[in-house]
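**Student:** Next come the chains, spelled out residue by residue.
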Amino acid sequence: MIRRLLIGAACCCNLVAATVDAQTSTVQTGRIEVAGGGGLFSGGQLGNSDASLRANALTPAPYRLFTTTSSFATTPLVEGRVSVAVSRRLAVEGRFGFSRPELRTSISADAEAGNSITAVERIDRYMIDGGVTFTLDDLRWGELVPYAAGGVGYLRELHEGQMLIQQGHSYHVGGGVRRRLFVHDRRVVKSGGVRGDVRVYLLSGGAAFDTATHARVAVSGSFFVGF
Amino acid sequence: MTAAQRRVTLVCLIALLMLASRPAAAYLNLSEDVRGQVVRLKWNTTPRWFASNRSIPRVSASDFQAAVARAFATWQAVPTASLSLQFVGFTSAAPFEDDGISVLGFESRPELERVLGATDFVIDTVTGEIVESDIFFNSAFEWSVAPGGTSAAFDLQSVATHEIGHFLGLGHSALGETETNPEGGRRVLASGAVMFPIAFGRGNTADRELQPDDIAGISDLYPASAFRARTGVLRGRVRRNGQPVFGAHVIAFNPATGESIGGFALGADGDFQIAGLTPGPHVVRVEPLDDADVESFFDRGVDTNFAVTFYERLFVAPAGGVGEHIDVGVRPK
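Chains as they are written, first to last, in our numbering: chain A, 1 to 227; chain B, 1 to 333.
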């Protein structure tokens, strides 16, 4: 049943797979692979911030007018990848990701009993990163071949209304598994399959409220074809 | 004084403890109705000021001049404002005289038992330009110019910083909190602007330093070249049941910087505008000036029949220009 579903998915990508060849992890140097898919990008806290006033005291502690707690919500993610094999196991990979997380700021403890609400806005998040993937042949499990990945990237976040762009950068480490569904040595599209990725991103800058580095997790699945 | 000039008196700073006031928000530009147009009062030439040669106990004329000069320098040092100020010298002239020169000095006004200082103006009623401004400091109170303040006296530099804000064309900010005294009246708990109308207590020197609301206000009035390009403007309106709310106080709070800057809904349609916002998301809070000393801000009544309300979206201030217009609906109390 699993195999039938995977074949169906491959057909959706306009790939004709007459047979599913035996899985192989060997890749010719210079071969290009293109992948597209989607997943989830985790949210996370952005911290607390008080609207404070200067207190009327000789040793003043700030007077809090109200307090805010901000966070990014977990959001769906779409992504595309291009990789080039530089050896049997090592590939250089570029990735483009897009997501639209909601920035949520919860407001509470108003000094004048103002309503407690969560104010929101939608962020358009673009990520372009580059890195390497290293195939872990020794750890293959059946037809699933694991790999490790790491790299750096550029973060571009557009606030609602497209009136403000904030930029940052990212580092990521992670890995995943690949399963090749077909191989055609004599066609333009020489192979195809699916892959699953889990990555930990360390983001700094962008729409974050501070200069700290924030860890986020991206989980995604993709279809890939090799040329 | 010519026929086109008019003296406008603004009593600005009121001593602690007794004034009825409520917290609110925002810098406010002084303005005048000039031939049917509301014109912001400001200097179009370099203000030249004189220091009175009157001394009082513990404050010599030179001490006075030095403290006031530091206060002027505080405003002049705002990087996003373009201000040029010039000290001319000492004078035997008193503040509030129609003498064509701007004089700052002490005056004994014991009958003004809540007034630490006041600023008045001569304006050109054709252009709205300030052509003269005087400040008096009430020597009926104890004053200090000590670097760290003196517990029994009001800090001259702090009060001068407030009054010079008026001298330059700023009105009062309502960004502050007060409480009722058991014996009557109110005292200020905290403020978010040097331009808050109620002074801190004796010995407190905190208002020697400007706050973001003051900086936005002076920069909006005398913008340096980069100010408009690097900061954003919030425009919107406050309405209750579809009707404009006049005089509502609006605070824009930036969670990333902790800055609060405000404005008032003064337009016919409940419109407001707040300039000088650091680019990024802002929480917008609207509150009534319900039991405030409204006369410290406006010469007409304001609508206070609504509850404190937060706007349900985050407002994003752009880096230069005006962000998306917002409509804040408030509920009746």
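Do not rely on the hints blindly, as some may be mistaken.
[Stated by the list, open to error] In the EDC-like style, the derived pairs of lysine to aspartate or glutamate whose C-alpha atoms are separated by at most 20 Å in a straight line are:
#, chain 1, residue 1, chain 2, residue 2
1, B, Lys333, A, Glu143
2, B, Lys42, B, Asp63
3, B, Lys42, B, Asp98
4, B, Lys333, A, Asp110
5, A, Lys190, A, Glu143
6, B, Lys42, B, Glu129
[Stated by the list, open to error] If you want the ones that stay clear, here's a sample from chain A, every Cβ over 10 Å from chain B, calculated:
#, residue
7, Tyr63
8, Leu164
9, Phe182
These are computed hints drawn from the structure, not numbers from a lab.
Glycine included, each C-beta is placed from N, C-alpha and C at the ideal position.
**Student:** Please go over all the hints and tell whether each is borne out by the structure.
**Tutor:** How the hints compare with the structure:
1. B:Lys333 / A:Glu143: Not satisfied, since the Cα-Cα distance of roughly 67 Å exceeds 20 Å.
2. B:Lys42 / B:Asp63: Violated, at roughly 28 Å.
3. B:Lys42 / B:Asp98: Holds: Lys42 (chain B) and Asp98 (chain B) sit about 19 Å apart, inside 20 Å.
4. B:Lys333 / A:Asp110: 16 Å, holds
5. A:Lys190 / A:Glu143: Distance ~18 Å between Lys190 (chain A) and Glu143 (chain A) Cα, so the pair holds.
6. B:Lys42 / B:Glu129: Cα-Cα ~5 Å, so holds.
7. Tyr63: About 3 Å separates Tyr63 (chain A) from the closest Cβ of chain B, which leaves it inside 10 Å; violated.
8. Leu164: 5 Å, violated
9. Phe182: At roughly 47 Å from the nearest Cβ of chain B, Phe182 (chain A) sits farther out than 10 Å, so the non-interface label holds.
In this structure, the hints that do not hold are numbers 1, 2, 7, 8, in rising order.
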